[in-house]
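My request is simple: use the sequences and hints to build the entire structure.
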Amino acid sequence: MKEVLMGDHAVARGVQLARAEVIAAYPITPQTLIVEELSEICARGDLKAKFIKVESEHSAMACCMGASMAGARTFTATSSHGLLLMHEILHWSAGARLPIVMANVNRAIAPPWNLWCEQTDSLAQRDTSWLHIYCENNQEVLDTAIQAFKIAERINLPVMYVLDAFILSHTAEIVDLPDQKDVDEFLPPFTPKLRLDTNDPHAFGSITGPAEYQKLKQFRHDDMMNSIDIIKEIDAEYEKKFGRGYGVVTPYRCDDAELILVTSGTVSGTARVAIDALRDAGVAVGALKVRLFRPFPTEDIAAAIGACPKVAVIDRNLSVGAGGIFAQEIKAALYNRDLRPTVIGIVGGLGGGDFTPAAIEKIARRALERADSGDPVVWEEL
Amino acid sequence: MDQKLDHELVHSGHVACPGCGAVLAMRYVLNVLGPKTILVLPACCWSVITNRFPSCSVKIPVFHTAFETAACVASGVRAGLDMKGDRDTNVLAWAGDGGTFDIGLQALSGAAERNDDFIFVCYDNEAYMNTGIQRSSATPFGAWTTTTPKENFKHQEKKNIMGIMAAHKVPYAATASVAFPEDLMAKVARARDLRGTRFLHILCPCPTGWKYSSDMTVGLGRAAVNSRIFPLYEIMDGERFRLSYDPEEPMPAADYIKMQNRFSHLNPEEIVAVQQRTDRDWERLMHTIRSWPA
Chain A
1 MKEVLMGDHA VARGVQLARA EVIAAYPITP QTLIVEELSE ICARGDLKAK FIKVESEHSA
61 MACCMGASMA GARTFTATSS HGLLLMHEIL HWSAGARLPI VMANVNRAIA PPWNLWCEQT
121 DSLAQRDTSW LHIYCENNQE VLDTAIQAFK IAERINLPVM YVLDAFILSH TAEIVDLPDQ
181 KDVDEFLPPF TPKLRLDTND PHAFGSITGP AEYQKLKQFR HDDMMNSIDI IKEIDAEYEK
241 KFGRGYGVVT PYRCDDAELI LVTSGTVSGT ARVAIDALRD AGVAVGALKV RLFRPFPTED
301 IAAAIGACPK VAVIDRNLSV GAGGIFAQEI KAALYNRDLR PTVIGIVGGL GGGDFTPAAI
361 EKIARRALER ADSGDPVVWE EL
Chain G
1001 MDQKLDHELV HSGHVACPGC GAVLAMRYVL NVLGPKTILV LPACCWSVIT NRFPSCSVKI
1061 PVFHTAFETA ACVASGVRAG LDMKGDRDTN VLAWAGDGGT FDIGLQALSG AAERNDDFIF
1121 VCYDNEAYMN TGIQRSSATP FGAWTTTTPK ENFKHQEKKN IMGIMAAHKV PYAATASVAF
1181 PEDLMAKVAR ARDLRGTRFL HILCPCPTGW KYSSDMTVGL GRAAVNSRIF PLYEIMDGER
1241 FRLSYDPEEP MPAADYIKMQ NRFSHLNPEE IVAVQQRTDR DWERLMHTIR SWPA
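Chains A and G, in that order, give the protein sequences. Start counting the first sequence at 1; every next residue gets the next number (the numbering used here). Start counting the second sequence at 1001; every next residue gets the next number (the numbering used here).
Calculated from the structure, these hints are not laboratory results. One should not assume that every hint holds.
Here are the simulated DMTMM-like cross-link-like pairs (lysine to aspartate or glutamate), alpha carbons at most 25 Å apart as the crow flies [as the list claims (entries may be wrong)]: (1) G/Lys1084 <-> A/Asp182; (2) A/Lys48 <-> G/Glu1113; (3) G/Lys1084 <-> A/Asp200; (4) A/Lys241 <-> A/Glu185; (5) A/Lys48 <-> G/Asp1088; (6) A/Lys53 <-> G/Asp1082; (7) A/Lys241 <-> A/Asp176; (8) A/Lys53 <-> G/Asp1237; (9) G/Lys1036 <-> A/Asp197.
Listed below in structure tokens is the structure:
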């Protein structure tokens, strides 16, 4: 069934289809439509869930942790400062190996106040052991909501999927909603491997020495790295059942490209329009959308870039003092390879600047003309 | 003792200091709640007392969590159990005074306002004892701690956490002492049989932090109650009050103070000030109890 949905509502409908059992969330612009819609859905009885209206995002994530530890499928949503407030509990929930799913609406961080799109909020959580999936459109948002629970519950690590503020959260698009029966077949009820059970009492999170501590972290890392294949497998299963798959990266017209633009989120779709125009004008440019950020799909990125001599990474985020965060990760991923392209780190669109097709064409043409990498940052004013 | 210890769920092998009041508190509370209880444990002395992996000195499920999250994790555990159809298991959030009065207060207030269904125990040893005796907002006036040295002892009064909980109109809030185990266990039973946010404030003397001999914990607990410094009472729905025990000939505050070296620097005028504050607070409490009886 097709409906016209804003991105936030696509999140809520995806969570409904996934049959989340406990939701704990706190409102923040531009995530508010998610909590409002889920409140309505729960109040109507269309989703049989406990929705705990907590007093902060920190408590939202802690509440999800308790519910997940008791064996319930749990969900929360936030944005920007809310995600930053959660930061401590992101480490806790991942360390406790709880399959919590969260939607984050990418919004800039104050000061100064700004409500618009930027990815620094979610990328600042890169070392928390959460999986990160960056969505391009509202259909992908809905489909990822369903996939995320399956991934999280399979590998016992929490998953955050991300959508751009306003560009997706408050923009209506046609979204194909799968049948509940089919979603139930794809995503059976959550059967936890670990839970708080008075018939089988265990202590979770007790003090350890260095040997056990490191070993547990190593397990976490190995499970995260091995999850790339699992994510692909689940995505392929989803595609077979529902006709839509996304992969972990999406190359576009990269064959024989002299330059590949690397993008994430909504910039990806715009980049493809720009690439078509450039190709029509005889400019050999391709695009590579990175959907999965943690675990970082190094092999897939290297394979997509192949022998292309130049890569321009578009970052709507910034690690002040280092540069764009996707660019850093791409450089690190390619450094030990035989084929090492020049990587240009382009930072723009911070606080909501709009990447139009024309702007992306300009970025591509300038990148082709450059003789150097422009390290550490090539600024783009939109 | 009338009530037997039916459920001995705290075991040897715990790593508390000798004479720890907080171990007595856990023992009495779990004796009443029994094995069908899930323990949520934020950072506090007890996150160490359970002992290190793979041992555990309490024989119920334990979830260790962040300092400020006892109440909200308990809310989540309750919601998860409810969704699984388990309405019987007790959810027990167990926090020290720091995790209740200070860093945990926001989450506790949130849960209490929602009236989420669990028991929250604050075992109050009147400072951050686990990190080495730093002052909290539960530290009483006049006390030495490592962050309130003798030369600049704590000048503020202890925060009125019971008043804060009463203002949330929680179904049940009570003070208790490890030196009055029958009273303590009766209150745990009353809390167990209600629904909603139930709050127990248990004074747990701490030989390490209060600086007294480890065989004096029960004596200190008795003195705190008998001097009216720590009155035993209950509040139902935030508006009906009941005194649990009236020490008719109260011990002078000075005698309680002299039992512990954390107050050894106080001069006679300061000790008189403690007595005056104690009398004032007792009068106010009695006035409230008479005005709003259970």
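Hints, verified against the model:
1. G/Lys1084 <-> A/Asp182: Holds: G/Lys1084 and A/Asp182 sit about 23 Å apart, inside 25 Å.
2. A/Lys48 <-> G/Glu1113: 23 Å, holds
3. G/Lys1084 <-> A/Asp200: Since the Cα atoms of G/Lys1084 and A/Asp200 sit roughly 16 Å apart, the hinted pair holds (cutoff 25 Å).
4. A/Lys241 <-> A/Glu185: OK: A/Lys241 and A/Glu185 at ~10 Å, within 25 Å.
5. A/Lys48 <-> G/Asp1088: 20 Å, holds
6. A/Lys53 <-> G/Asp1082: The hint holds at about 16 Å.
7. A/Lys241 <-> A/Asp176: 13 Å, holds
8. A/Lys53 <-> G/Asp1237: 22 Å, holds
9. G/Lys1036 <-> A/Asp197: 9 Å, holds
The structure shown violates none of the earlier numbered hints.
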